[in-house]
Amino acid sequence: MIEINNVSKWYGSFQVLTDCTTQVSKSEVVVVCGPSGSGKSTLIKCVNALEPFQQGSIVVNGIAVQDPKTDLPKLRAKVGMVFQNFELFPHMTITDNLAIAQIKVLGRSRDEAVDKGLKLLDRVGLKAQAAKFPGQLSGGQQQRVAIARALAMDPICMLFDEPTSALDPEMINEVLDVMVQLAHEGMTMMCVTHEMGFARKVANRVIFMDRGAIVEDAAKEDFFGQPRSERAQAFLAKILNH
Amino acid sequence: MSDFDFSVIVQNWAFLAEGLRYTLQVTVTAMIGGILIGTVLALMRLSSITPLQWFAAGYVNIFRSVPLVQVILAFYLILPLVLQMITGKQIPIGAANSAYFTFTIFEAAYYSEIMRSGIQSVPRGQVGAGYALGFTYGQAMRYVVLPQAFRNMLPVLLTQTIILFQDVSLVYAIGATDFFGAADKITQRDLRPVEMYTTVAVVYFIICFTLSRLVKWLQSHIAIIR
Chain A
1 MIEINNVSKW YGSFQVLTDC TTQVSKSEVV VVCGPSGSGK STLIKCVNAL
51 EPFQQGSIVV NGIAVQDPKT DLPKLRAKVG MVFQNFELFP HMTITDNLAI
101 AQIKVLGRSR DEAVDKGLKL LDRVGLKAQA AKFPGQLSGG QQQRVAIARA
151 LAMDPICMLF DEPTSALDPE MINEVLDVMV QLAHEGMTMM CVTHEMGFAR
201 KVANRVIFMD RGAIVEDAAK EDFFGQPRSE RAQAFLAKIL NH
Chain B
1 MSDFDFSVIV QNWAFLAEGL RYTLQVTVTA MIGGILIGTV LALMRLSSIT
51 PLQWFAAGYV NIFRSVPLVQ VILAFYLILP LVLQMITGKQ IPIGAANSAY
101 FTFTIFEAAY YSEIMRSGIQ SVPRGQVGAG YALGFTYGQA MRYVVLPQAF
151 RNMLPVLLTQ TIILFQDVSL VYAIGATDFF GAADKITQRD LRPVEMYTTV
201 AVVYFIICFT LSRLVKWLQS HIAIIR
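Just so you know, the sequences run in chain order A and B.
Numbering of the first sequence is given in UniProt numbering, commencing with residue 1 and proceeding in unit increments.
Numbering of the second sequence is given in UniProt numbering, commencing with residue 1 and proceeding in unit increments.
Worth double-checking, as some hints may not be accurate.
Claimed, not checked - Selected chain A positions facing chain B (in silico; Cβ < 7 angstroms):
| # | residue |
| --- | --- |
| 1 | Leu50 |
| 2 | Pro73 |
| 3 | Ala77 |
| 4 | Met81 |
| 5 | Glu87 |
| 6 | Val105 |
Said to hold, decoys possible - Over 10 angstroms on every C-beta distance to chain B, these chain A residues come out as not near it, computed from the model:
| # | residue |
| --- | --- |
| 7 | Ser13 |
| 8 | Lys26 |
| 9 | Gln66 |
| 10 | Asp111 |
| 11 | Glu174 |
| 12 | Met196 |
| 13 | Lys201 |
| 14 | Asn204 |
| 15 | Ala213 |
| 16 | Ala219 |
| 17 | Ala237 |
| 18 | Lys238 |
Keep in mind that the hints were calculated from the coordinates and are not lab data.
The C-beta atom is built at its ideal place from N, Cα and C for all residues, glycine as well.
Given the sequences, and given the hints that come with them, work out the whole structure.
Below, the structure is given as structure tokens:
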């Protein structure tokens with residue numbers, strides 16, 4: 001579904017990604033973790049070409065992202081993405097947030113789009129908030145809406161870029177619950193997150209990144225049981241012991 | 001003090017009202033046209049295409065460096081020549097009509113700077129979110145960035161419009177009859193400057209003061225909840 005081959009990226013002369021190679025198969029859940037500044041967010045943003053990269057290739061569902069001939073809007077419409085800061089559109093109601101891309105990108109009728117949006121809103125437990133504006137919702141609620149908004153596009157896979165990092169601790173679980181449910185339904189997911197509980201519960205594989213490189217790419221059991229690299233061991237020791 | 005005779009206002013009210021109507025028409029035309037052109041200029045200035053950046057920067061810098069009176073005069077004289085070059089015919093435009101054009105073009109430079117800071121006030125992640133949903137550049141601007149930029153900047157846009165409303169009086173340099181020009185013409189004829197100019201000042205004050213109250217009200221009522 002997602003194939004990342006030897007991707008390197010530079011900001012000027014500073015290399016942020018070094019020869020990254022991995023893949024996410026259909027219905028697989030891959031968690032990407034690592035210390036801050038390790039390039040995990042940059043890597044996931046390369047998958048739907050929100051960030052350009054200079055070397056290597058990324059193929060999503062058979063389509064080469066870096067190919068200048070690729071119709072990026074069309075590709076991105078099929079790849080759901082959830083951001084650290086939610087990025088709901090603050091000037092629109094929740095209903096419009098859910099409907100706008102369905103109408104303008106997929107060409108659905110307004111009725112159809114609203115209907116679909118509200119069903120998904122109900123699924124994330126926020127049906128009562130439909131008429132409100134994003135600023136009137138808590139962070140956890142906003143992030144659940146953001147997930148519903150991405151799902152409304154019927155994505156073939158979902159990218160999560162630290163979806164719980166900007167949340168107050170008591171709101172993290174409501175978002176993780178939605179993600180766990182999604183994983184159980186067989187959604188293909190690539191998640192940048194530090195939530196190791198989530199990784200243990202639903203991840204198939206865990207990727208550990210450090211200084212722009214993929215240091216470890218292992219099945220969940222191996223990663224938590226016996227991380228091979230010292231850096232991954234040190235990282236795990238730090239975040240699991242608190 | 002008993003010399004004051006405000007009947008000059010009543011007698012000439014129709015002429016004054018005609019002038020005021022013209023002032024308002026130029027203001028509204030230049031506001032709408034200026035914001036539209038200004039928004040396009042702002043997008044050009046912020047685009048990654050260098051020639052577009054240069055064009056927009058040049059446009060803004062030129063018009064902001066030349067006194068408005070001079071631009072009004074220049075366009076009044078040049079516009080007929082340009083039109084004649086394009087069409088091959090002599091088209092009498094007249095002072096009153098050339099002002100619509102001049103103010104739209106001139107104000108676009110100012111509105112574009114306002115829209116530019118408005119666009120920059122929208123967090124970059126919003127554009128990313130739009131793209132991630134499959135929006136094209138145009139759609140991301142139209143549905144995500146510009147509505148927020150416009151709303152953030154509405155008070156400043158209106159403040160600029162108040163200045164524009166007052167500046168329309170400069171058409172008197174080319175002999176067009178706006179509100180102030182109408183008053184001026186009556187004064188030349190009836191020699192009642194104090195009554196006339198006082199009345200004009202009061203009308204300007206009422207309109208501008210009302211608008212600036214509106215700006216204040218808007219500032220507290222249309223802010224996007226974040």
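Hint check results:
For Leu50(A), the suggested interface contact is upheld, since its CB lies about 5 angstroms from the closest CB of chain B, less than 7 angstroms. Given the 7 angstroms rule on beta carbons, the hint for Pro73(A) holds: about 5 angstroms separates it from the nearest Cβ of chain B. Given the 7 angstroms rule on beta carbons, the hint for Ala77(A) holds: about 3 angstroms separates it from the nearest Cβ of chain B. Given the 7 angstroms rule on beta carbons, the hint for Met81(A) holds: about 4 angstroms separates it from the nearest Cβ of chain B.
With its C-beta approaching chain B no nearer than about 4 angstroms, Glu87(A) sits inside the 7 angstroms limit, and its interface hint holds. Annotation: Val105(A) was flagged as interfacial toward chain B, and the flag holds, the nearest CB pair being 4 angstroms apart, inside 7 angstroms. Remark: the non-interface label on Ser13(A) is consistent with the geometry, its nearest Cβ contact in chain B lying 20 angstroms away (cut-off 10 angstroms). Against chain B, the non-interface label of Lys26(A) holds: every CB pair exceeds 10 angstroms, the least being about 21 angstroms.
Non-interface status of Gln66(A) relative to chain B is upheld: no Cβ of that chain comes within 10 angstroms, the nearest being about 16 angstroms off. Taking the minimum C-beta to C-beta distance to chain B, about 19 angstroms, the non-interface status of Asp111(A) holds against the 10 angstroms cut. Glu174(A), annotated as away from the interface, keeps every beta carbon of chain B farther than 10 angstroms; the closest lies near 21 angstroms. With a cut of 10 angstroms on Cβ distances, Met196(A) stays outside the contact zone with chain B, its closest approach being about 26 angstroms.
For Lys201(A), the condition that its CB be more than 10 angstroms from all CB atoms of chain B holds, with the nearest at approximately 26 angstroms. With 10 angstroms as the threshold on Cβ separation, the claim that Asn204(A) sits away from chain B holds: the shortest Cβ distance comes to roughly 24 angstroms. At the 10 angstroms boundary, the C-beta of Ala213(A) stays outside the reach of chain B, the nearest C-beta of that chain being 24 angstroms off. For Ala219(A), the shortest C-beta to C-beta distance to chain B comes to about 29 angstroms, beyond the 10 angstroms cut-off, and the non-interface label holds.
The claim that Ala237(A) is not at the interface with chain B holds, since no C-beta of that chain comes within 10 angstroms of its own (minimum 33 angstroms). With a closest Cβ-Cβ approach of about 28 angstroms to chain B, Lys238(A) is found to remain outside the 10 angstroms limit, as its non-interface label requires.
The structure meets every hint from the earlier list without exception.
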